[in-house]
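Enquirer: If you want the building blocks of each chain, they are given just below.
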Amino acid sequence: MYIIQNALKNVVRNKGRNILLGSIIFAIIATTVVALMITNTSDRIIDEYRGQFGIEVTIERNTQTFVDMRQRGEAAMGISITNEQFIAFADSDLLQRSVIMNSAMIYSETVTAIGQTGELAAGHGFAIAPTMQMHGNNWEDFANGHRVLVVGEMPVRANEVVISEELAELNGISVGDTIRLFGTVLEPAAAMGFTPPVFDLVVTGVYFCAAESVGTWGSTTMIRQNEVLTVADTIPGAAIIARYYLRHPSYIDAFEQELRAKGLHPIFDVNTDEHLFNAIVGPVEGMRGIVMTFMIVVLVLGAIILILLSSIAIRERKYEIGVLRAMGMKKAKVALGLWFEMITITGICLIIGIIVGSLVAQPISTELLAQQQETAQNIQDQFFAGREIAGLSRVVNDDPITEINISLGMDTMLQIILISLFLASAAGLAAISKITKYEPIKILMERN
Amino acid sequence: MSILTLNNVSYRYDGTKKNVLKGVSASFEAGKVYAIVGKSGSGKSTLLSLIAGLDVCTDGKILHGENDLKQIDRDEYRAKGIGVVFQAFNLITNSTAIDNIVLSMQISESNERDKKSFAYELLEKVGIDKETADRKVLKLSGGEQQRVGIARALAHNPNIIIADEPTGNLDTDTENDVLKILSLLAHDEGKCVIIVTHSKKVSSIADEVLGMKDGKLTSVNQGK
Ligand SMILES: Nc1ncnc2c1ncn2[C@@H]1O[C@H](COP(=O)(O)OP(=O)(O)OP(=O)(O)O)[C@@H](O)[C@H]1O
Ligand SMILES: [Mg+2]
Chain A
1 MYIIQNALKN VVRNKGRNIL LGSIIFAIIA TTVVALMITN TSDRIIDEYR
51 GQFGIEVTIE RNTQTFVDMR QRGEAAMGIS ITNEQFIAFA DSDLLQRSVI
101 MNSAMIYSET VTAIGQTGEL AAGHGFAIAP TMQMHGNNWE DFANGHRVLV
151 VGEMPVRANE VVISEELAEL NGISVGDTIR LFGTVLEPAA AMGFTPPVFD
201 LVVTGVYFCA AESVGTWGST TMIRQNEVLT VADTIPGAAI IARYYLRHPS
251 YIDAFEQELR AKGLHPIFDV NTDEHLFNAI VGPVEGMRGI VMTFMIVVLV
301 LGAIILILLS SIAIRERKYE IGVLRAMGMK KAKVALGLWF EMITITGICL
351 IIGIIVGSLV AQPISTELLA QQQETAQNIQ DQFFAGREIA GLSRVVNDDP
401 ITEINISLGM DTMLQIILIS LFLASAAGLA AISKITKYEP IKILMERN
Chain B
1001 MSILTLNNVS YRYDGTKKNV LKGVSASFEA GKVYAIVGKS GSGKSTLLSL
1051 IAGLDVCTDG KILHGENDLK QIDRDEYRAK GIGVVFQAFN LITNSTAIDN
1101 IVLSMQISES NERDKKSFAY ELLEKVGIDK ETADRKVLKL SGGEQQRVGI
1151 ARALAHNPNI IIADEPTGNL DTDTENDVLK ILSLLAHDEG KCVIIVTHSK
1201 KVSSIADEVL GMKDGKLTSV NQGK
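So the sequences go chain by chain: A and B.
Under the numbering used here, the residues of the first sequence are numbered 1 to 448, in order.
Under the numbering used here, the residues of the second sequence are numbered 1001 to 1224, in order.
Isolated chain A (complex conformation) (with noise of 0.2 Å):
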């Protein structure tokens, strides 16, 4: 094809104007191909993150919903989710995991709580007032190493517990020894004739708690060490606390549905929990933005360049179109020639646009990283603050991402291909449409 031939020709004979061209397409590949490396790079770990860590989704009665229902004078106060409904919740395949707690309040004949002054004696509507909580399945701080196993080993069947070495010291308690506890019952209960439920347990360890020993509003039941941490099989009958993680934020209404098929009453709200999830990815995503936002102005502006470039280059070739022309070559085809040759030269850049690219791409990844890891690390501290004296804890591996590795994949190469190709073409086009509307006598007349 002669065309081609000659295109390649061209591009040698006007080695020049091909190379004021040829830097302009070449800053703007290879600042493309920075950015769409470490943007798809970012979008990549997002992913993995959400795929690993899921999105917690929270349940909550609506307070306004719940106020008018009362003022309507409907039963709010009652309504609730069943122990049966948790357990119905977290079958679905929207979630990427879900974690089922229970819990109850307890008290003891012969365990005395940290913090307990006085005897056991009836209290905030109990016959007998809690000093202290049982966790089933409740195993996060060990996961976030805010909690330890020192000594034995964890509960796998039911009736077995881990307690505090506080507790254990406290009382003289080892691991193998067996406890009794109780749970409570209210007093009208009491009244009626109801026995607080009795819990024999082997206690198989002890575990260091990070947490400060100290009660909150008088009660001991608020101090972390006092928790007996067991199996959820050990107390089937107590009030479920459920975790349920989704693979993507956007199941969020599907899996709402699912839920409200499953009975959940329209006064809870079902929403997601994306703060902690953008308080880790939150730097990558905060890089992610300024690199796409730099390759837009980038591309646009440089596309803007290019037009205007090519325009004059081709201006500058306006007798030798017209003379093509006077050959006899078709408008399609000088076009052609025309788009081929610009193709060349962008093709040439592309190569020594990814190669520089992807060389420069790591070393602005960590600079941009590390940036905003600062604003992100202020952010983070002042929601987890609130959160830390609250008594709740940090979920697993809640850093933020400081480091990602970037590299070249095969749709970031597509992409970049694409973008090329299409960065070509615009500045051909532009050119070609202004030239090919001459009719050649025009353009050699002028000449003579």
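Just so you know, the hints here were simulated from the structure itself, not pulled from any lab data.
Be careful, since some hints might not be right.
[Stated by the list, open to error] Within a straight-line C-alpha distance of at most 25 Å, the following computed SDA-like cross-link-like pairs (lysine to any residue) qualify:
#	chain 1	residue 1	chain 2	residue 2
1	A	330	B	1058
2	A	330	B	1159
3	A	333	B	1080
4	B	1216	A	333
5	A	442	B	1094
6	A	330	B	1216
7	A	15	B	1111
8	B	1115	A	1
9	A	330	B	1111
10	A	9	B	1017
[Unchecked claim] Cβ-Cβ distance ranges computed for the label pairs, FRET-style:
#	chain 1	residue 1	chain 2	residue 2	range
11	A	330	B	1113	19 to 25 Å
12	B	1189	A	330	38 to 44 Å
13	B	1040	A	9	34 to 40 Å
14	A	355	B	1184	31 to 37 Å
15	B	1109	A	301	40 to 46 Å
Idealized CB from N, CA, C, for every residue including glycine.
Based on these hints, arrange chain B with the ligands on the given structure of chain A.
Expert: Relative to chain A, chain B with the ligands alone:
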């Protein structure tokens, strides 16, 4: 049989008011050499441009055989039907002489097998040796460029050859060579050759001489 017929042809350049050609009629036959003479600015080059199919006339008709140039694919006509030697050469200046010729053959889809050696031969005929043929047109003298222009007009073996002052930059010897080639093409190969010229020598080899004045073909003299 007329191969080219001008029928009351008028032409006005875009954006101008005055007609450069004012009702030109003529007919050209195969196997003959025509000379068009006339003052500078009388419209000779313009007329050749229209015959070359570079534009269509504002009024009137130009027929190639039976076909109106306005109706046919003029790209095809320029590529295959006609060879043009321009007054200003109109070569691709940053490319070599040989590339110019080969490109023209490629555009006209010439079925010459070895285009390059054919082009070298052709250039040789008009007095351009291989070393000169491999040089960029920019680096050729006016006369050399003119000869490259002539070779290009002949490269695709067209039936009509039009030449605007083809010998204006040539020495007497080369002029004689070129004229010999052109008259052989007409008389032996049956081409129609139209030459715009100021040269007496060119007119003297023409079968017919036409005079151009103020956009009109005024007198038709018998040539030699
Ligand atoms: N592109 C153009 N636009 C407007 N007018 C033009 C253009 N080209 C030529 N003319 C005008 O048309 C007229 C005829 O020009 P043309 O070049 O045909 O003359 P010519 O007979 O070839 O002259 P010469 O012997 O000097 O080559 C002149 O008046 C010229 O000024
Ligand atoms: Mg002229």
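Enquirer: None of the hints should be skipped; say for each whether it holds.
Expert: A quick look at each hint next to the structure:
1. A:330 <-> B:1058: holds, 23 Å
2. A:330 <-> B:1159: holds, 21 Å
3. A:333 <-> B:1080: holds, 16 Å
4. B:1216 <-> A:333: This hinted pair is violated, its Cα atoms lying about 37 Å apart.
5. A:442 <-> B:1094: holds, 21 Å
6. A:330 <-> B:1216: violated, 32 Å
7. A:15 <-> B:1111: Not satisfied, since the Cα-Cα distance of roughly 32 Å exceeds 25 Å.
8. B:1115 <-> A:1: Answer holds: residue 1115 (chain B) to residue 1 (chain A) is near 14 Å, not above 25 Å.
9. A:330 <-> B:1111: holds, 19 Å
10. A:9 <-> B:1017: Violated, at about 42 Å.
11. A:330 <-> B:1113: 19 to 25 Å: holds, 24 Å
12. B:1189 <-> A:330: 38 to 44 Å: With Cβ atoms ~28 Å apart, the hint is violated.
13. B:1040 <-> A:9: 34 to 40 Å: With a Cβ separation near 37 Å, residue 1040 (chain B) and residue 9 (chain A) satisfy 34 to 40 Å, so the hint holds.
14. A:355 <-> B:1184: 31 to 37 Å: violated, 59 Å
15. B:1109 <-> A:301: 40 to 46 Å: About 43 Å separates the Cβ atoms of residue 1109 (chain B) and residue 301 (chain A), which means 40 to 46 Å holds.
Violated hints, in rising order: 4, 6, 7, 10, 12, 14; the structure is consistent with all others.
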